[in-house]
Structure formats: C-alpha cells, structure tokens
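One letter stands for each residue in the lines below.
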Amino acid sequence: MKYEGKILLVDDEAHVRKFIALILKQLGATAIFEAANGRDAVEVFQRESPNLVLLDVNMPIQDGIQTLREIRQLSTDCVVVMLTSLANRQTVEEALSLGADNYIRKDTPKDEILASLRQTIAECFTTD
Amino acid sequence: MQLTASTLQVSQGTPPATRTAMEQRNAAKLKGRKILIVDDDRINIRILSSILQNEGFVITEADSGENALAQYAAIKPDLVLMDVMLPGVDGFAVCRELRERHGDNAAPVIFITAKTESDDIVEGLAAGGVDYLPKPFRRKESLARIRTHLQNRILSEQQKALVEQLKAANQAKNKLLGMAAHDLRNPLASIRGLAEFLCDGTVGQLTPDQLDLANTIFETSQSMLTLLNELLDVATIEAGELKLHKEPQNLSDLLEKAVYLNNINAARKNTKIVYSPPEEAPIVRVDQAKIKQVIDNLLSNAVKYSPPGSTVNVRISGYHPAYTVAVQDQGPGIPENERHQLFKDFMTLSSKPTGGEKATGLGLAICRKIVEAHRGAITATNLPQGGCEFSVMLPA
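Going down the list, the sequences are from chains A and B. Heads up: the first sequence is residues -19 to 108, going by my numbering. Heads up: the second sequence is residues 48 to 443, going by my numbering.
If we strip away everything but chain B, and leave its shape as in the complex, we get:
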C-alpha cells in the first residue's frame, strides 16, 4: 500500500486537526522540493532524512564538503542543510563557495550546530547561511524552519519570474506604442497640412465659420502630432534605442536658429525671446537634432508659461569643457512641492500655459533623458525676481 501524507502524519503522532488549513496547503506545496543534507555523521543524516522524507521532500546526502559541491551541481537542490564540522573543507567554506558560484541564485543554506556553539551560529550567518538548526533536532521546529526558508525561496523565485514578465510586457508596450505612434503620424501630418491649405486660402476663400472649423482641425491635429512625437520619443528612449550621433557643434549657432524660429510663435503672445551670444564660440560634441529638440522644448515652455508680453532671456555661460544654456522665463516659477516631479514622465504641474497651449507632460522628461544621455545635467531654479531658470549643462 502506498503511504499518503496523511497516514504518515497520523503514524508520526501528529493529529491533522492541529494543523491549520493554511499550514496544510503550504506543506503540500513544498512536497517534492529537493534538500541536500551535508553531514559526516551517518546518524544525523538518518534522523533528518526520515523526518524530511516523511514530509514528501526529496533528499540527497553528502558526507564531505567536496562531495556537497558535486552533489549541489548535480541535483540543484532547493535548500541545503549543512553541518559545520566536515572532513576537509568545512561547512562555512562550502557555503561561501556556493554563494561565490551561484550568487543570489544559490539555494538557502541552514547550518546544523550544537546548541551551545554561538560562535558557529554567527560565523555561519556571516558565511551566507540563512538560519541554523540546533542539535539535537526537534522535529517540529526543524520542519518549521526548513519550510519557512523553502517558502521564502519560492517567493523570491516567483518574484524574479514576475519581474522578468513585467520587463517583457513593458518592452512589448513600448514597441506597440512606437508602432502606433509611427503609423498615426503620417496621416495626421497630412491632415494638418491639408487643413493649413484650407486656412490660408490657397484653395479658395472660406467663410469665417468655415475658417474657424478649418483652424480647429489644424490646431487639433498639430497638438496630436506633438503628443505622438513625444510618445514615440519616450518609446524609443525606454527601449534603449536613443542613439546619439555626436558631432562638434557650435552651441551658439544652434541657439540662434532656435531662438529665431521660436520667436515666430512667441510673437503671437507678444512675447520676446532675447538671446545674447557669448564672445567665444562654444563648441560641444552633441547630437544636433536631439539638442535642438531640448532647446526648442525649453524655449517653447518659457513662452508657454510666461504671461503674454514677457521677455524670455537666453544665454550661454561656462567655458571648455562644459557649457551651460540658461533659459529664464517670467512665469510663476516651480511650486516647491512639485519640483520633484518636474522631469518625470506624464507629470504636469499645477501651473498652466498662459495662452491656451497644450502640455503633454512628456517634454521635460524627454529633455532630461536626452541631456543625461549626453552626460549633461538639466536643472530648474526659481529666480528671486520671479520666474524660473532652466539650465542645461553640456560637456564639450
């Protein structure tokens, strides 16, 4: 007749009623787990083996340190019970060696010690052991300790698997996001362009009502396009595909162009961007398009959050090997309690654009990622006279 776990427990004198339902479930889950017992004392091994086998564990034995390492490699146990005093290599050394070889994936090691050897206990824990079993063995206590550590191991394995799953899921999400954004961009760009043709009268004069509708189509597709581009950037950056093509660039020229273009938009709010170039040409090794994106973002933000009629001041400071672009606005500044989320994904602050512009909450997060990929730094400081200064430090 095959012995079932319950008949064994009865024969061991443990009435099932003393176990809670949860304990029973946990015990069942641990059945079949592999335990390696390392001890040169045959009697110890026999006692432990019989206790553990009755609980459904699969036992392998080793009588020396060398043997233990070989058995470990062969069966990959879920837990190791290790005597300290072994012929040849001692238990501590074996434990250290296991951690050396397998790192955090090493099975938990429980040392077997005589009750009084407290030095052994300390050294065992220092060698990477997770616990100790005092001799003589008390069945219930030994089992409880062994189960606890097996359960911890299972939980940590499950956690690792979960983290891997989540990583894969996040990658898949980024890929999908990238594909969707990419495929939506072209048609949207055409819609924007065609609406613009309607607005500017190229294809015939519109009535004021029609013009209003066409303008709405133009502006809406424009802001959708911005959002899509930013989503695409986030997907690219998160997927680790932000590739920089660094070439020596005159930072001042980059700024001058960006200031010129952004002033066109700023003029609609009667805001002026003023740039005072430095005396010496600041040459930095950067990805031109990416840094242009950062500068554009800072300039358009400065215009966006400053009241109409403001002046945005832009300058370059520093000298080789690091230059700093500083953009000063006349907006409300960054509320102190929101400062920590300024450069995070999808974080918009309580301050709102002053001309009905849109904020996606991605612009500064992307800026930070681009600047950091250049080994630079981006910071924001409130100015004593009001407003805020965003500065980007770039190594030459």
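Isolated chain A (complex conformation):
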C-alpha cells in the first residue's frame, strides 16, 4: 500500500532522519517534513498539519515526550509513532499513555521498520 499523506519526521540526528526518510519513501511517501528538535517540530506541525508524526524521544531543546503532549493538544487524530534508541520500558509506556500510537526502535533492521510502519498506517488510516 502507498501512503500519500503528510509526514513529520523529528530526530536531532541527521543520519537517523536520512535513514527513516528513505524507509518512508519506500512506503510511497512524498510529503516529508523534518525537524531536529521538539520546538521546531511543534512549529512545523502547526504549519503543515501532518497526518503522521515520527517522533524521537531524546532531543535537545525540547524532548519527544513534551512534544507529544503539545501535539496531542493540537490534534488528537494524527498518528504519532515514537522513535526510541533502547526501548526504555518506562518511556515507551509514558508515551503510549500520553497518546502515542506505536513506537519503533531505531536500531531495528530496515525491513522490520518498514513492516511495522506499514502495519501502523494500515491500522490507523483505513476508514472502511
């Protein structure tokens, strides 16, 4: 399936954004917006109203958890997938309780990330 909605990709590390962006392109995504910290992410979110947000947890200036809170205040129906390094159970649980839809460990092989994103998109964006 192809995903053609707007995607916001937030991570402070350029190599991660590059890697994840390639995966998103494989999914068919064309409208990918990027931000390197939580504050910029909220700004881009307000401007672009993306349907899907991939959100890193540990970031300078403003972390992913606080950013998630702010995004959820702006929109309850956009899909948020957290990007974690080690899946710290507490962080994951906190994010899910704050309304994140899923999480992905960034050290997962690309095909698994691809499969996981496909599944999330299928679950969240199928209207029938």
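Keep in mind that the hints were calculated from the coordinates and are not lab data. Predicted, not measured: the structure shown is a model, and the values here were computed from it. All C-beta atoms in this analysis are idealised placements derived from N, C-alpha and C, irrespective of residue type, glycine included. All the pointers check out, no bait thrown in.
Derived contacts from chain A toward chain B, CB cut-off under 10 Å, selection only:
#1 F(-1)
#2 K5
#3 P89
#4 D91
#5 I93
Which stretches of chain B does chain A cover? Using the computed rule of at least three CB atoms under 8 Å from a CB of chain A, they are:
#6 222 to 234
#7 240 to 249
In silico lysine to aspartate or glutamate, DMTMM-like type, Cα no more than 25 Å apart, as pairs:
#8 B:K222 to A:D87
#9 B:K416 to A:D87
#10 B:K339 to A:E74
#11 B:K222 to A:E(-7)
#12 B:K222 to A:D43
#13 B:K304 to A:E92
#14 A:K(-2) to B:D230
#15 A:K5 to B:E266
With chain A held as given, fit chain B onto it using these hints.
This is chain B only, laid out in the frame that chain A set:
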C-alpha cells in the same frame, strides 16, 4: 630529651644490628597501633605495657571484662591482649562477645595464659582468639607474636579496601561500557540501514564492485551492532540492572515466531529449522523480550555451527510447572575439555562457525544470565548421533 625508637632499643639491650632491615621497616609501620590489655593483675599489665610502649604502641588498659568491652568500643584497638581469668565475665566470654558484636572486623584477640594451661589455649582459640602469650612473658617472643597478628590485620584491612576499590572500578567500567555502547549504537544502526539502501538499489543501481563495498559496509556494521548490543547486555546484567517484566507467555508461540524469523537466515546456508509444537500450550511466566533473545541466540548458534544443509530440530518437553526448550544441531558438539567455559563471558570454543559468521563469545553467557534470572537452567549435551543439544528449562 625525646627518646627515639633507636635509643630505646639500645637501652633495652637490643643492638640494632641484630634486626634485619625488613624487621625494622615492619616495626616502624606498626608504631602508633592501639593495643588494649585486659588483665586484673596490675603487675602483668605494667610489664606488658612497658614492653609495648617502648616499641611505640599506644596502650589502653582494662581490669575486667565489662571494662574491656567499654574500652574496646571507645578506642577501637587494633589488637587485644586478654587474660583468661577475670573478675565477672571471663576472657573467653569477652572474646566471643567481641566477635558477636563486630564479626570479622573484630580486632584479633591474643590470650594471656600460664604455660601449662593447655585447655585454656584450646578454649581460647575456639572462642575466636588468634594466639596466646604464655606467662611469664618473654619480650622477644611476645613482640614477635603481637607484630605478626597486627601485620595480618593490616594486610586483611588493605585487602578489604582493595576489594572495595576493585568493585567500584568494575562498576565504573560497566557504566562506561554501557554509555559507550549506547551512544555508538544509533549511528551504527543508521550506517547499517543506509548501506542496506545502497545494496538493495533503492537509490540507484550499483556496479558489482560498488555493491561489494556496500555489502561489506552493511555486514561489518551489522556484526559491530551485534557486539555492541551484547556488550550493553553484559554491562546491564553485571551492574545488577537486569530487570525482568514477567508475564504469562505461550512458550510455543514465542518459539514459532523465532523459528520463522531464524529460518530466513538459515535458508542462506540451506539449513532448515524444524519445530514440532507440543499438544498442550506451555504457559510460562517470563520476560518475553529476554526469553526471545535466548531462543534467538540458541537458534542462530545452531545454524551457525551446523554444516550447510543441516536440519536443526526444536521441541518443547515437560509439563507444568517446568518446560524445557531443546535445540538440536548437527554441528561438531562441544569438546569435553572446553565444556566448562561454554557459558562464560568472552569464551569462544575451538569450533568455528561454518558459514563465516562471527562469534563474540558473549551470547551464551548472556543466555545463562537471563535464564538464571528466571530461576531456570541452561545446559548443553553432546548427542550420541553427533551434534549438540542445548536445553533451557523454565519454570512456569
């Protein structure tokens, strides 16, 4: 005029020349050590005090058992000289009480006995005394015994301090290892992922030479990532931070998934992993991710060490309250003389992977730690028909 140790020794009629340099150094090191003398006989105390004070020891006296306990608490002596016959509580009881209160940290107790009282000597040693001084005191012998025990005490204190230092250093090492591994993982995962994109042609077709280079980058970063993850596991486990989140799991489902995923890799070597599920669902309370890690490790090992084209058999046996996962490979088995190091950190055996795979020597050590944290057991047995069976027993 202040008396120095050497003038004292001369005045005591001990020519310095009879002492070796080492003895002198040791005597100097022991100066200022605190000795508690417990005796109700004033003359005994005076004789011992004068001998010991001349050697630079600091003396405290007590004339009863009760008094001895109070003085011990007040001055924390390095050694106690204890008469057996005391008014009230006797010397043995005081000695036992000191060991009771202070355990292994109690100062060594040397009993003062008359030469003939051999029963006293035995009981004194049984009460926790380290030695005895026969009366009448002979200066040289008494000093030699006292010095020996003081030195032992210093050595044991130094050893304890050293052990503490080493513990702290090991903790610091684990922390550093953890931090380094953690910080290196993300960039490495990106390198691996980006190399994979180069390899699969997503960003344009590569020439065969370029593809070879990109593949090398992919495989190298892949094996570095495995090593880093294992180092991280070791650091976490050693720091006592292996936290298990146990939930009831269907062990058979876990195995089925793991077998499916590992068969993808195994297919590259034309090896098959065959799993025959049990009739009843084996439910165990385990940390799913950790046990998956153990199973993955056993499966990938079985593939790794079996010749290409092998069959790896996996099954679950047992019933509530303990189930056993058994993985049988067709590899060379475990050499008998290497068996003891199979589950230890950084131990790789003489048998090598059959398809050029890497071995870090940490995988099985981590498995053992995870399984033991679940109160289970992991064992390896060579099979009569060849190959080896690894089995993991997990309590329900």
